[in-house]
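Student: Those protein sequence lines, which keep their order, are chains A and B. When we follow this note's numbering, the leftmost residue of the first sequence carries the number 1, and every step to the right adds one. When we follow this note's numbering, the leftmost residue of the second sequence carries the number 1, and every step to the right adds one.
Bear in mind the hints are in silico, worked out from the structure with no lab data behind them. Hints should not be assumed to be uniformly reliable.
Chain copies aren't distinguished; within one or between two, either way the pair holds.
Stated by the list, open to error - DSS-like mimics (lysine-lysine), calculated; alpha carbons at most 25 Å apart, straight line:
| hint | residue 1 | residue 2 |
| --- | --- | --- |
| 1 | 136 | 264 |
| 2 | 113 | 187 |
| 3 | 136 | 229 |
| 4 | 229 | 264 |
| 5 | 9 | 229 |
| 6 | 108 | 229 |
| 7 | 187 | 108 |
Number of protein chains: 2
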Amino acid sequence: MLKSFGELKAKVLAAGQKKVIALASAADEASLEAIRDAQQALGVECLFIGDNDSIIAMAEKVGLDIKSDNIIHTNSHQQAAELAVGLVRDGKADVLMKGQLPTGTLLKAVVDKDRGIRTGGLMSHVAVLESPSYHKLMFITDGGMVTGPNLEQKQAILDNCVTFAAGLGYNMPKVAVLAAVETVNDKMPETVDAGRLAEMNRAGEIGGGIIEGPLSFDLAISAESAKIKGFTSQVAGDSDIFLAPDIATGNILSKALIYLGGAKMAGCVLGAAAPIILVSRGASAEEKMLSILLAMAV
Amino acid sequence: MLKSFGELKAKVLAAGQKKVIALASAADEASLEAIRDAQQALGVECLFIGDNDSIIAMAEKVGLDIKSDNIIHTNSHQQAAELAVGLVRDGKADVLMKGQLPTGTLLKAVVDKDRGIRTGGLMSHVAVLESPSYHKLMFITDGGMVTGPNLEQKQAILDNCVTFAAGLGYNMPKVAVLAAVETVNDKMPETVDAGRLAEMNRAGEIGGGIIEGPLSFDLAISAESAKIKGFTSQVAGDSDIFLAPDIATGNILSKALIYLGGAKMAGCVLGAAAPIILVSRGASAEEKMLSILLAMAV
Numbered sequence: 001m002l003k004s005f006g007e008l009k010a011k012v013l014a015a016g017q018k019k020v021i022a023l024a025s026a027a028d029e030a031s032l033e034a035i036r037d038a039q040q041a042l043g044v045e046c047l048f049i050g051d052n053d054s055i056i057a058m059a060e061k062v063g064l065d066i067k068s069d070n071i072i073h074t075n076s077h078q079q080a081a082e083l084a085v086g087l088v089r090d091g092k093a094d095v096l097m098k099g100q101l102p103t104g105t106l107l108k109a110v111v112d113k114d115r116g117i118r119t120g121g122l123m124s125h126v127a128v129l130e131s132p133s134y135h136k137l138m139f140i141t142d143g144g145m146v147t148g149p150n151l152e153q154k155q156a157i158l159d160n161c162v163t164f165a166a167g168l169g170y171n172m173p174k175v176a177v178l179a180a181v182e183t184v185n186d187k188m189p190e191t192v193d194a195g196r197l198a199e200m201n202r203a204g205e206i207g208g209g210i211i212e213g214p215l216s217f218d219l220a221i222s223a224e225s226a227k228i229k230g231f232t233s234q235v236a237g238d239s240d241i242f243l244a245p246d247i248a249t250g251n252i253l254s255k256a257l258i259y260l261g262g263a264k265m266a267g268c269v270l271g272a273a274a275p276i277i278l279v280s281r282g283a284s285a286e287e288k289m290l291s292i293l294l295a296m297a298v
Numbered sequence: 001m002l003k004s005f006g007e008l009k010a011k012v013l014a015a016g017q018k019k020v021i022a023l024a025s026a027a028d029e030a031s032l033e034a035i036r037d038a039q040q041a042l043g044v045e046c047l048f049i050g051d052n053d054s055i056i057a058m059a060e061k062v063g064l065d066i067k068s069d070n071i072i073h074t075n076s077h078q079q080a081a082e083l084a085v086g087l088v089r090d091g092k093a094d095v096l097m098k099g100q101l102p103t104g105t106l107l108k109a110v111v112d113k114d115r116g117i118r119t120g121g122l123m124s125h126v127a128v129l130e131s132p133s134y135h136k137l138m139f140i141t142d143g144g145m146v147t148g149p150n151l152e153q154k155q156a157i158l159d160n161c162v163t164f165a166a167g168l169g170y171n172m173p174k175v176a177v178l179a180a181v182e183t184v185n186d187k188m189p190e191t192v193d194a195g196r197l198a199e200m201n202r203a204g205e206i207g208g209g210i211i212e213g214p215l216s217f218d219l220a221i222s223a224e225s226a227k228i229k230g231f232t233s234q235v236a237g238d239s240d241i242f243l244a245p246d247i248a249t250g251n252i253l254s255k256a257l258i259y260l261g262g263a264k265m266a267g268c269v270l271g272a273a274a275p276i277i278l279v280s281r282g283a284s285a286e287e288k289m290l291s292i293l294l295a296m297a298v
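Here chain A stands alone, though its shape is the one from the complex (with noise of 0.2 Å):
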């Protein structure tokens, strides 16, 4: 269980690899400042890919130091995207980075069946917070890549971020599968398939963490609420994982959190053969710079 960034932070350093870091279209500012702070917090290296000459220019105007060795000039994003890539498949690089360029170019060559890096199973996006009302960093998924997940998606889901936080040394992450409410009711079919999730946790089918679900959200974090109404549970009250039932509401359960809540936000997508930084427009320099301690971090 990790209390804070800061807690994360300290760990990065503490193991002290080295990791790179592969940024696909790298003539992007918030990218370029992102990757200057990490580097002067946490030692990271960088191979930038793009344009040459906007690179060297965007790096000046932020103050990165950008050895000329470890830039790969192309001038499409698309092959930005797929020389990326293929360094993170050859593995001379641990970590892929979006620059400036459609999220979907990136994608498409990550999931490239001959030169992608993907490992065949779902790939999925989780947003860690930190809550200054909570007492332990939140791992929010899916709230940024698959839009409706059916049971078996959403097995996935949990899988990659239980393999995640495994990653990041938990051993039995407690997991809330959120709803409405904390019975299963026909009526609202993600009560049903978070029921299930449940039961296969208990029957052994699904392992790696402890499974509570259907969850309300105010059991999912408050010992408290959950004492009012009677609910006993090991992970009411004290969840590391929440599994959203679709996009729309791990979307806006993070943002919430983030825009009212004073949280803090690092993304990460899951599921390639390496984490993936793909962080939105709006996001914040701060954002990108825990994104980049996320994915060092595993």
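Following the hints, position chain B against chain A.
Tutor: For chain B alone, kept in the frame of chain A given last:
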């Protein structure tokens, strides 16, 4: 537009109208506490339906003074529900409130064809939130009644909420139809509905407010995020009403803001002949009291 519950309270006090609440199965500690506080702060009156002795005992416990004329004795939840609904139907009470009885029992009496208080339209829930990080009250709907609304039901939910807001003095509330993204995408049916609602609004088919959608949550509440994303809209960054794609999203959003975002909430069921106060078991006395305030304000 209302900035806070404080402003709402001032409005209610200024109006000086005496409102009467019918409390079904009134021997409920938290409800009686809320009535006690609402009597002191707002001068509300209450009719208590339920077991006479239990009500008197519980009222003494919480320090609430009850005139014996205001108690209507019954020891059946079903009868308490029917009597309370009857008081509203006959104009003897302005607001219906759930005490210590199952929600289903109360709603059954509400929707009874002959003796209920349905008006024919869809009944829906609104959660009104005061977040310390947002500049005005947020109306989130529907996280409590309608499980998986289709387009027509979303329109009815919106209509209930706009009518309710009009009763609070909103001439032209700004409505954000929430989704994960701000573009219509067939893979996310909620974005299709959202786009359709906004279209119908522009075509004059839905009135009473300015509807924008789909909107991601950050665009709905943050003018800065709208600026970064180059999104121009009257609603973005200044939404009053937040239409959730489904009950899970609405419920989880409200609870995230309450439990981790320091927000205060009042809840109300709309679409019947009178507002219905139907707070959850986990609700604080403050939430119950604010819900009374909200119901009185209309």
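Student: Run every hint past the structure and note whether it holds.
Tutor: Going down the list of hints, with the structure as the test:
1. In this assembly of identical chains, the alpha carbons of residue 136 and residue 264 lie at most 25 Å apart whether taken from the same copy (12 Å) or from different copies (23 Å).
2. Taking CA atoms no more than 25 Å apart as the test, residue 113 paired with residue 187 passes between copies only; the shortest distance there is 23 Å, against 40 Å inside one copy.
3. In this assembly of identical chains, the alpha carbons of residue 136 and residue 229 lie at most 25 Å apart only when taken from the same copy (23 Å versus 31 Å across copies).
4. Only between protomers do residue 229 and residue 264 lie at most 25 Å apart by alpha-carbon distance; the minimum there is 20 Å, versus 30 Å within a single protomer.
5. For the identical chains of this complex, residue 9 and residue 229 are neighbours neither inside a copy (37 Å) nor across copies (30 Å), given an alpha-carbon limit of 25 Å.
6. Taking the closest pair of Cα atoms, residue 108 and residue 229 come within 25 Å of each other only across two copies (23 Å); inside a single copy the shortest separation is 47 Å, beyond that limit.
7. In this homomeric assembly, residue 187 and residue 108 come within 25 Å of each other (Cα to Cα) only across copies, at 17 Å, whereas the closest approach inside a single copy is 37 Å.
This entry does not satisfy hint 5, going by the numbered hints stated previously; all others are met.
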